Each structure stands twice: as structure tokens, then as C-alpha cells.
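Asker: Residues per chain, in single letters:
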Amino acid sequence: GQQLNQSPQSMFIQEGEDVSMNCTSSSIFNTWLWYKQDPGEGPVLLIALYKAGELTSNGRLTAQFGITRKDSFLNISASIPSDVGIYFCAGQPLNAGNNRKLIWGLGTSLAVNP
Amino acid sequence: DSGVTQTPKHLITATGQRVTLRCSPRSGDLSVYWYQQSLDQGLQFLIQYYNGEERAKGNILERFSAQQFPDLHSELNLSSLELGDSALYFCASSVDRVQETQYFGPGTRLLVL
Numbered sequence: 009g010q011q012l013n014q015s016p017q018s019m020f021i022q023e024g025e026d027v028s029m030n031c032t033s034s035s036i037f038n039t040w041l042w043y044k045q046d047p048g049e050g051p052v053l054l055i056a057l058y059k060a061g062e063l064t065s066n067g068r069l070t071a072q073f074g075i076t077r078k079d080s081f082l083n084i085s086a087s088i089p090s091d092v093g094i095y096f097c098a099g100q101p102l103n104a105g106n107n108r109k110l111i112w113g114l115g116t117s118l119a120v121n122p
Numbered sequence: 012d013s014g015v016t017q018t019p020k021h022l023i024t025a026t027g028q029r030v031t032l033r034c035s036p037r038s039g040d041l042s043v044y045w046y047q048q049s050l051d052q053g054l055q056f057l058i059q060y061y062n063g064e065e066r067a068k069g070n071i072l073e074r075f076s077a078q079q080f081p082d083l084h085s086e087l088n089l090s091s092l093e094l095g096d097s098a099l100y101f102c103a104s105s106v107d108r109v110q111e112t113q114y115f116g117p118g119t120r121l122l123v124l
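Just so you know, the protein sequences line up as chains A and B, in that order. Counted the way this note's numbering counts, the first sequence spans residues 9 to 122. Counted the way this note's numbering counts, the second sequence spans residues 12 to 124.
The following block holds chain A by itself, in its conformation from the complex:
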């Protein structure tokens, strides 16, 4: 099935560094969601985006709905050890009709060195 291209696949950074990750699609999306999954836990919704160009923050996290509607970005500023986990993007294609399933990326695994 359709999947989003999420990159990078993994990141290993020093505490205090900023992090950027992105998600791209070949088709236009009308919704972008960013989730974080801690080891052994369920994904937790971080940020939801509903309009092209929308920029939304949640603490040190900022996500943007790309102008082309085919991509989205998540930035984490001043990373801390508890940012460790897998970050998933998910989106809903614009012209999905009745088949309005969420499409998921494969995740970006983030490791933070204290």
C-alpha cells in the first residue's frame, strides 16, 4: 500500500542539539500528524496540521504543513534525553474519497547522547 517517505531513518545526536525530520508524499495530503512512540508504548499524538503552510508548536516541537501539501517537517529544539523514541508522521490523502485511511511513515528513530 501507499506509504510516506520519512527521513532520516535514524538519528543519533548530542543533548542540546536541534533535530529536523521530514515526511514526503507523491500526492497531496489534507492532514498531517506527528506521533512519538516511546519504547514499548503506544504512539502519542504530538502535533496535528490541517492547512497548507500551517506552523504549529508544542513546547520545543514545531511542525509545518508544507506549502506544496506533499510534505511536512518536524523540528525539535534543544533536545533532551527524554526525546528518545520513534517519531512517526501520518497523513490523509486529499482525494481519498470514501477510503480515507491514514497513511503512515516508517518512523525516524531518535537517540540522544546525554
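The set of hints was computed from the structure by calculation and includes no laboratory data. From a predicted model like this one, the values you see are computed outputs, not experimental measurements. There's no promise every hint is true.
For lysine to aspartate or glutamate, the following DMTMM-like pairs were computed, each having C-alpha atoms within a straight-line distance of at most 20 Å [what the hints assert, rightly or not]:
(1) LYS68(B) <-> ASP107(B)
(2) LYS78(A) <-> GLU111(B)
(3) LYS59(A) <-> GLU111(B)
(4) LYS78(A) <-> GLU62(A)
(5) LYS20(B) <-> GLU86(B)
(6) LYS68(B) <-> GLU86(B)
(7) LYS68(B) <-> GLU111(B)
(8) LYS20(B) <-> ASP46(A)
(9) LYS20(B) <-> GLU49(A)
Derived Cβ-Cβ restraints for the label pairs, each shown as a range [to be verified]:
(10) SER85(A) <-> ASP12(B): 25 to 35 Å
(11) SER38(B) <-> GLY48(A): 18 to 28 Å
(12) GLU93(B) <-> GLY48(A): 14 to 24 Å
(13) THR24(B) <-> ALA86(A): 18 to 28 Å
(14) LYS20(B) <-> SER15(A): 24 to 34 Å
The C-beta atom is built at its ideal place from N, Cα and C for all residues, glycine as well.
Got chain A sorted already, so can you dock chain B onto it with the hints?
Answerer: Frame of chain A, contents of chain B only:
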């Protein structure tokens, strides 16, 4: 706490067996989704129910089935289990039938020996 509950948290069983995983959605949510996540894999959407009816199907095997009851809780039945079915199984819920803004439960870790 997302408000979505799943039981059991862990399940160990043998090949060929059948198990049932249970999920209670957040209060007020009508849609329930089931996902499978194998080791180092992304989330694989299995199936969605909305207000008691099947709404969407993903990569769900014929050996697997689900249902949503009048009180909106859902069960995922896995039968003729194979070693490769070992995975985390997540339930998520949302307010309506549109698959967005889903809230996930803590998952059931299934180990098939």
C-alpha cells in the same frame, strides 16, 4: 494517558493457538482501529470499525478477525497463530469515521512460541 485501554498487556502462547485482544476506546470515540507493529517495523494498519460496523480494511490476514460491540469496545481475534505473528498490537480510537487524530492504547505484546 490517552484514555484508550487494552488488555492484556502481555500474552505468550504457542503456535496454532487462538487469542483475543481487547480494546476500549476513549469515551465518546466511535471509531476503533487495530495496528500491528513487528520488531523494528512501522505501524501496519489492520482494520477499522466505526460504531459497530467495519469501516476500512488494511493488511489483515484471513486468520485474523475483529468486531466492535454495542458498547463500542472491540476485540481482535488471532487464530492459527504462527511465529511471525509475534508483535505489538495497538488499538487506537477517534471521534468519527474519518481516520485522523487517532489516540493509541498502550498495546498488547504477543509472543508466539
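Asker: Evaluate each hint against the coordinates.
Answerer: Here is how each hint holds up against the structure:
no., hint, in the structure
1, LYS68(B) <-> ASP107(B), "holds (16 Å)"
2, LYS78(A) <-> GLU111(B), "holds (17 Å)"
3, LYS59(A) <-> GLU111(B), "holds (14 Å)"
4, LYS78(A) <-> GLU62(A), "holds (13 Å)"
5, LYS20(B) <-> GLU86(B), "holds (14 Å)"
6, LYS68(B) <-> GLU86(B), "holds (15 Å)"
7, LYS68(B) <-> GLU111(B), "holds (15 Å)"
8, LYS20(B) <-> ASP46(A), "holds (16 Å)"
9, LYS20(B) <-> GLU49(A), "holds (10 Å)"
10, SER85(A) <-> ASP12(B): 25 to 35 Å, "holds (26 Å)"
11, SER38(B) <-> GLY48(A): 18 to 28 Å, "holds (25 Å)"
12, GLU93(B) <-> GLY48(A): 14 to 24 Å, "holds (23 Å)"
13, THR24(B) <-> ALA86(A): 18 to 28 Å, "violated (45 Å)"
14, LYS20(B) <-> SER15(A): 24 to 34 Å, "holds (33 Å)"
Violated hint for the displayed structure: number 13, the only one.
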